[in-house]
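*Asks:* Just so you know, the sequences run in chain order X, Z and P.
Position one of the first sequence corresponds to residue 0 (numbering that gives the first Met the number 0), numbered consecutively onward.
Position one of the second sequence corresponds to residue 0 (numbering that gives the first Met the number 0), numbered consecutively onward.
Position one of the third sequence corresponds to residue 0 (numbering that gives the first Met the number 0), numbered consecutively onward.
In case anyone wonders, no lab produced these hints; they're calculated from the structure.
Just so you know, even glycine gets a beta-carbon here, dropped at the ideal spot from N, CA and C.
There could be a bad hint or two in this list.
Not the full set, but computed from the structure, chain X residues with beta-carbon under 7 Å of chain P [said to hold, decoys possible]: (1) L8; (2) G85; (3) G92.
Non-contacting residues of chain X with respect to chain P, defined by C-beta distances greater than 10 Å in every case (computed) [claimed, not checked]: (4) S35; (5) D52; (6) S58; (7) V141.
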Amino acid sequence: MKTGNGLALTVRTFTAIVLVFLIAPIVVVFPLSLSSGELLTLPTPGYSLRWYDDFFTSSKWLLATRNSFIVGIATAILATFLGTLGALGIFLGRFRGKTFLVAMLATPMVVPVVVTAIALYFAFSFVGLNNTLTGLVLAHTVLSVPYVLITVLATLQTFDRNLLKAAATLGAPPPAAFRRVLLPLIAPGVATGALFAFATSFDELVVAIFIAGPQQFTLPRQMYAGLREFLSPTIASAAVLLIICSLLLLTANEYFRTRGKTRTLPDDPAEPN
Amino acid sequence: MHDPIVTFERVTKSYDGRTLVVEALDLTLARGEFLTLLGPSGSGKTTTLMMLAGFEDPTSGTITLDGKRLNHVPAHRRGIGMVFQNYALFPHMTVAENLVFPLEMHGVPKAEIEPKVKRALDMVRLPQLRDRKPGQLSGGQQQRVAVARALVYGPKLVLMDEPLGALDKQLREELQLEIKHLHDELGVTIVYVTHDQSEALTMSDRIAVFHQGRVQQLATPADLYERPANAFVASFIGENNRFDGTLVGRDGANCRVRLPDGSEIAATIEADLAPGAAVAVSIRPERVAVGAQAQRDNRFVGDLREVIYLGDHCKLRLAVAGNESFVVKVAAGDAATTLDRGSALAVAWDAAACRALPPLA
Amino acid sequence: MAISRNNLLAAALIAPLFAVVVASFIVPLAVTLWTAIGNPEVRETLPRTTAALRGWNGEGLPSEAAFAAVAAELAQAHEAQAIGQLSRRLNFEEAGLRALLLKTARAKDRLSAPYRDALVALDPRWGETSLWQILARNTAALTPLYLLRSLDLSLTPDGKIVAAPADEAIFLALFARTFVISFWVTILCVLIGYPVAYTLSTLSTRWANIGMALVLVPFWTSILVRTTAWFILLQREGPVNALLLGLGVVDAPITMIFTRFAVYIAMVHVLLPFVVLPLYSVMKGINPAYLRAAASLGAPPWKRFIRVYLPLTMPGVAAGGLMVFMLAVGFYITPVLVGGPEDQMVSYFIAFFTNQTINWGMAAALACLLLAMTAILVVVARLIVPGFRLGGVSA
Numbered sequence: 000m001k002t003g004n005g006l007a008l009t010v011r012t013f014t015a016i017v018l019v020f021l022i023a024p025i026v027v028v029f030p031l032s033l034s035s036g037e038l039l040t041l042p043t044p045g046y047s048l049r050w051y052d053d054f055f056t057s058s059k060w061l062l063a064t065r066n067s068f069i070v071g072i073a074t075a076i077l078a079t080f081l082g083t084l085g086a087l088g089i090f091l092g093r094f095r096g097k098t099f100l101v102a103m104l105a106t107p108m109v110v111p112v113v114v115t116a117i118a119l120y121f122a123f124s125f126v127g128l129n130n131t132l133t134g135l136v137l138a139h140t141v142l143s144v145p146y147v148l149i150t151v152l153a154t155l156q157t158f159d160r161n162l163l164k165a166a167a168t169l170g171a172p173p174p175a176a177f178r179r180v181l182l183p184l185i186a187p188g189v190a191t192g193a194l195f196a197f198a199t200s201f202d203e204l205v206v207a208i209f210i211a212g213p214q215q216f217t218l219p220r221q222m223y224a225g226l227r228e229f230l231s232p233t234i235a236s237a238a239v240l241l242i243i244c245s246l247l248l249l250t251a252n253e254y255f256r257t258r259g260k261t262r263t264l265p266d267d268p269a270e271p272n
Numbered sequence: 000m001h002d003p004i005v006t007f008e009r010v011t012k013s014y015d016g017r018t019l020v021v022e023a024l025d026l027t028l029a030r031g032e033f034l035t036l037l038g039p040s041g042s043g044k045t046t047t048l049m050m051l052a053g054f055e056d057p058t059s060g061t062i063t064l065d066g067k068r069l070n071h072v073p074a075h076r077r078g079i080g081m082v083f084q085n086y087a088l089f090p091h092m093t094v095a096e097n098l099v100f101p102l103e104m105h106g107v108p109k110a111e112i113e114p115k116v117k118r119a120l121d122m123v124r125l126p127q128l129r130d131r132k133p134g135q136l137s138g139g140q141q142q143r144v145a146v147a148r149a150l151v152y153g154p155k156l157v158l159m160d161e162p163l164g165a166l167d168k169q170l171r172e173e174l175q176l177e178i179k180h181l182h183d184e185l186g187v188t189i190v191y192v193t194h195d196q197s198e199a200l201t202m203s204d205r206i207a208v209f210h211q212g213r214v215q216q217l218a219t220p221a222d223l224y225e226r227p228a229n230a231f232v233a234s235f236i237g238e239n240n241r242f243d244g245t246l247v248g249r250d251g252a253n254c255r256v257r258l259p260d261g262s263e264i265a266a267t268i269e270a271d272l273a274p275g276a277a278v279a280v281s282i283r284p285e286r287v288a289v290g291a292q293a294q295r296d297n298r299f300v301g302d303l304r305e306v307i308y309l310g311d312h313c314k315l316r317l318a319v320a321g322n323e324s325f326v327v328k329v330a331a332g333d334a335a336t337t338l339d340r341g342s343a344l345a346v347a348w349d350a351a352a353c354r355a356l357p358p359l360a
Numbered sequence: 000m001a002i003s004r005n006n007l008l009a010a011a012l013i014a015p016l017f018a019v020v021v022a023s024f025i026v027p028l029a030v031t032l033w034t035a036i037g038n039p040e041v042r043e044t045l046p047r048t049t050a051a052l053r054g055w056n057g058e059g060l061p062s063e064a065a066f067a068a069v070a071a072e073l074a075q076a077h078e079a080q081a082i083g084q085l086s087r088r089l090n091f092e093e094a095g096l097r098a099l100l101l102k103t104a105r106a107k108d109r110l111s112a113p114y115r116d117a118l119v120a121l122d123p124r125w126g127e128t129s130l131w132q133i134l135a136r137n138t139a140a141l142t143p144l145y146l147l148r149s150l151d152l153s154l155t156p157d158g159k160i161v162a163a164p165a166d167e168a169i170f171l172a173l174f175a176r177t178f179v180i181s182f183w184v185t186i187l188c189v190l191i192g193y194p195v196a197y198t199l200s201t202l203s204t205r206w207a208n209i210g211m212a213l214v215l216v217p218f219w220t221s222i223l224v225r226t227t228a229w230f231i232l233l234q235r236e237g238p239v240n241a242l243l244l245g246l247g248v249v250d251a252p253i254t255m256i257f258t259r260f261a262v263y264i265a266m267v268h269v270l271l272p273f274v275v276l277p278l279y280s281v282m283k284g285i286n287p288a289y290l291r292a293a294a295s296l297g298a299p300p301w302k303r304f305i306r307v308y309l310p311l312t313m314p315g316v317a318a319g320g321l322m323v324f325m326l327a328v329g330f331y332i333t334p335v336l337v338g339g340p341e342d343q344m345v346s347y348f349i350a351f352f353t354n355q356t357i358n359w360g361m362a363a364a365l366a367c368l369l370l371a372m373t374a375i376l377v378v379v380a381r382l383i384v385p386g387f388r389l390g391g392v393s394a
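Can you build the whole structure from these sequences, using the hints too?
*Replies:* Structural data, given as structure tokens:
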């Protein structure tokens, strides 16, 4: 759209300012975490790694890191397994009400997390799952499984069903067709779903506030506890470590996303019948 | 028929239990034949193919392959090759890997795989593309690979579901001949589905014309064109002028048809119809002569509406005996093409050139 | 019709997911709803009193049997340490009942038949009809009280719905505040996000990728980390004040942390990508030929924008805006960390009642209302945005 040059410049400048606003708080945490001082101020009095040292020698932070990875990985495995199977079932089945079923399975995405959190807290109090890692994994699985389901379903939507028919006419029994044709083609979508699930669990705080005891504290939960007690720069170093994890996940996600695109779509995709 | 390979007996298919997509289909396919299922979309031809391939179950009736009942045999155990409209090449495998796949699935020994792949690629003249991915090939190349893949493991029967539908006209005509030649060389039986009548005429030994879930006529291309069984076949295959009227007199194969405007046409008839029946008279545009021709059986004067220039010939559109778009084919240099719109023009044809048919739709 | 082999397989594949979602989501939600309306305390702690009150018509005073039962059962509950829950529950009906019940329970040894006289002698409130009306009402399995309180309503002892006392009528204002904050955050996100998405959609691939990275990195960074960043930045001695002082914009540090301003800044920062991303993909999908056609038909730039571009991008605006509003309504962490007491939203009170005052009924009732609000929003979203999908934006 061609607009007046002055207006275009204004809009672009505004965009630049907004982008700085979006990224600046994340960037600022880095120098703060490297401060040699006790206070979170800029400019820093000097640079040191003392707060990272503090992080990696504190039993609380180490326990939280360990818990975060255990819960994150277990959630990713469970959610990816459940979500991928479910998506395949929805894709392969011929029945009415698919939209409704997907909407129902995806509701944890739109229900406010606090509501889910107290619901789980109440329900877990009857079965003794509060203050356990198992409970946390179950809770995080419920929160992240919709992302896996939706990502894999979206990938399956670009999957040409005729490929399965072709495999059958070429003599492949259904398990072979699944393993040799379907699975390799939806693998990028499954990987993206797994990353989403891990990221959801790794960043999750609200449910952890309700159902995790101090022994189950995850990194965000430990950070939150720290914020409410004493604002130490160790929190900034924890934040930096979380940001780095997010960046790695984002990069991996972009990799699978572009790979998924180049591999599933032929250059001239014909309409499937 | 000697040596049938496939038979359909009273095969019916319905998805909802009420509307029949395929109705009481009887069809026998001879070994080595090229049979085309031709019809507009929704006529049941693709459903018929899918039942043969094993992707749909007949609601009733029996399909046999080499004398064995196919009902409930899953697609991967039928040994029927198939070429799909959108190629359905596996995008994550190279061309060679696509061809290896069916050989592995049929348990072909490792040592025999490579020679078979090479032969198949030579057959479709694409040996240089063996390590490409399908996404890097043109539409025509992809379709050749798809054909090679369907043939590589030596199935007795190959099904083709509008395989050339996504290609442009020139490429389509080229590949039609290639597929026909492969059929002649390999002696494989082919069932081919298309809605393109010229494609069907070019390639087939026999054509089954589908309409409303029924086979309207099963015949050789020449028979279909020259001796259509009903008005639908006449209009679906080739160009056709149609007059609806009433049968008023019949003497064996000769008959007279009265049109709504009172005029009469002399025609030939094969159908089992008695005087008083509604019929459709069909005349091919190239069988109509222009100008006063006293010796012809039917003579009319038309009102010239339009002259359409087509290079090697011209088409004239006239109003004749209540038919507002009566088409006549004439040579490009014919004197009639210089007439003005609105001129009166005499047209004539023999009774032998026009057929009175059961109307049907 | 027999179930096809296909659908059996499909059912087997979906079953584990379905089971987990039902067991750890649908059932907990049902438990929450039950907690919001369930009324187990009196029935379970005072079963004989419950039975004795069944025949009472609600006028005057109940029979001696009811007095005897309540005296005995309160004492038993005291010994079994169940009195706390019961007295907290009834105190929620009427302030002061907690003390009365504890006092009666402890007076066990001094009470003897006839219990009516003994109890009234112990505390004259036992002789009031209203007290017995409250007790009788709560022998029912369900209670509307929590939901009524969440709407600033209350019940009189004889069962009329009236406005709650002013010092307890805080919830309508709370919902209103939650709505106002969410509304303004949504408006800000749309107004800021629209030109940003537009600019990104017009840039060359290279610059657009850089711009998108600046949107995606915060999008993938955890909400807590981003809120923490603002928590640090907006401190009195924090970097923003340092910058403002350094630039001479202000003479003394200004208070930003624990204000509504901080809540808006942090929430907009967290939610902005949810508008930019769908808008960007909608804008990328608009064929420039439409605008060229409009120009060739004589429309000046601003009319091309109003009549062609804006309507074409409205689905993106609606999808992004509704997503932001839905997420904002449920915000918890951000207001808690950077807002003041007057900036807390519904979620905060749900947590407050769950973890601090242990009033699960109130927590559950507020959660149910929040859930109902979200459900209404989803329905509205489906009506407004054709094809609105929950997965339209992924976090």
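*Asks:* State the violated hints by number, sorted upward, taking the hints as numbered earlier in the document.
*Replies:* 1, 7
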